[in-house]
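Enquirer: In the working numbering, the protein residues as written are 1 to 464.
Do not take every clue at face value.
Stated by the list, open to error - No farther apart than 20 Å at their CA atoms in a straight line, the calculated lysine-lysine pairs in the PhoX-like style are these:
1) Lys369 <-> Lys343
2) Lys43 <-> Lys9
3) Lys197 <-> Lys261
4) Lys287 <-> Lys343
5) Lys223 <-> Lys157
Bear in mind the hints are in silico, worked out from the structure with no lab data behind them. These numbers come from a predicted model, not from an experiment.
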Amino acid sequence: MAYDLSQLKLEGIEIKNIINCQISQIPGEHGELSLTGYVENDKFEEAQSLQPLRLYSLEESEENIFCGVLTAISQEARGQLLMLHIEAKGYTYLLDLQKKYRTFQDISKTYSEILHQILDEYEGADCIVAQETGAIGNLEIQYQETDWNFLKRIYSKLYIPLAGEIRIPAIRIYAGVPALNMNQQDYELTEMSLDFKLCSSLKEIGYELSESDVLDCLIKTDKTCGIFTSFYFCELFMVVAGVKAYMHQGVMQIELNLRKKEGIVAVPQFPMALVGLALEGSVLEVKGESVRMHFFIDDGYPVADVYWFTYSTPSASPDGSGWYYMPEIGDRLRVYFPTKYLKDALAISAVSSYKGTGEPDRMADPSSKYLRSASGQEMNMGGNGIYLASAGKAASLMIGTDGGIQVKGNVVEITADESIDINAETNIEFHSSTGAIYRCEQGGCMELDISGNLKISGSKLNID
1 MAYDLSQLKL
11 EGIEIKNIIN
21 CQISQIPGEH
31 GELSLTGYVE
41 NDKFEEAQSL
51 QPLRLYSLEE
61 SEENIFCGVL
71 TAISQEARGQ
81 LLMLHIEAKG
91 YTYLLDLQKK
101 YRTFQDISKT
111 YSEILHQILD
121 EYEGADCIVA
131 QETGAIGNLE
141 IQYQETDWNF
151 LKRIYSKLYI
161 PLAGEIRIPA
171 IRIYAGVPAL
181 NMNQQDYELT
191 EMSLDFKLCS
201 SLKEIGYELS
211 ESDVLDCLIK
221 TDKTCGIFTS
231 FYFCELFMVV
241 AGVKAYMHQG
251 VMQIELNLRK
261 KEGIVAVPQF
271 PMALVGLALE
281 GSVLEVKGES
291 VRMHFFIDDG
301 YPVADVYWFT
311 YSTPSASPDG
321 SGWYYMPEIG
331 DRLRVYFPTK
341 YLKDALAISA
351 VSSYKGTGEP
361 DRMADPSSKY
371 LRSASGQEMN
381 MGGNGIYLAS
391 AGKAASLMIG
401 TDGGIQVKGN
411 VVEITADESI
421 DINAETNIEF
431 HSSTGAIYRC
441 EQGGCMELDI
451 SGNLKISGSK
461 LNID
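With the sequences and hints as input, model every part of the structure.
Expert: This is the structure:
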């Protein structure tokens, strides 16, 4: 039924007389209330932002008309009275206050599981999932997004709209269009139009809607009605896709925008704040050419770090040639997001956290190119030449820019399938602290012992 101003009551702020009231709601947006009324000057108490408000009827049923939280209030002195201008939004607004940063890496999770996981952070929140959607199937990241915008975005990939119920004093979300049937009511048809803009936007991305799907029928009625309520209109099953209530000559007028269920869809949105960005994290596991990571933005959240990111390498060919040098567990790594599609994410580079030790800093000279594994093997290409060393420098090779080569090790073996030629224009020197033996497999042998004696033996000996 229609209500006049004398039948309306606001709970949360003591209003003596309500002189104007407007309510509106569409899918994807918070329900809104704009109310003007008088309060006695000496009885007005300062209102707090986000304090609960409830607009209801004074009829026997005390039907809720709007439930939400205060977002703005102003006042004007009018003699002994104050005229208050009040703005409020539905309870879904509480999900739209804080921008958050976190990842959802478990691709086996369903959309409804993510929805419930987020709503669990809000006391008394609940939802109705009108359409089962299956697993998300890919990485999802909430970056510089409120919970409300993040949920709208991930559901928009499936063309599913979100809306809040403004007649319940708590967070209630509809994911998709539920079955909220209502008895036929008296109405007056005031306008019919086609939403060509929505139809065109969806057609560009391959989603087809017929003209009948985007036919909007605007009706006036005297009965309050919630978003996504459905009933028969002109022998068609229509759904409320928009609600607007306002006062006219002291009586509440209600306008409903009706559309077929198939035409109430969300246009896909994308995480544009991530495009071109690189997020840092630490490596948890390495397998083949992929890494599993914990992102630093997830610190403080109970997340499952189970997603495998492809690691970008400087060179890779189809025949298997190229560069294979994977990061180590615990390394700091960047993951880059080149496009608006999160499936294109790549682990691209490591971030050094090296603090230096008592030994000379290997990274002090920017012109020096340095490579070192976690087990201690290293290669350094600097101004003096190329230096290779094993763990603990038990063995090393130095190829100097002056043409010198130094080989050091506990045991040095030189093996050739055919021959080894050693040539020098001046001298060849061999040094040993215990002796030297030159032996041939055919039996020839020359031995220099520690006493300085030279022994030569063989099956045949020729001396000039």
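Enquirer: Compare the structure with each hint and give your call.
Expert: Each hint, compared with the structure:
no. : hint              : in the structure
1   : Lys369 <-> Lys343 : violated, 33 Å
2   : Lys43 <-> Lys9    : holds, 17 Å
3   : Lys197 <-> Lys261 : holds, 17 Å
4   : Lys287 <-> Lys343 : holds, 19 Å
5   : Lys223 <-> Lys157 : violated, 34 Å
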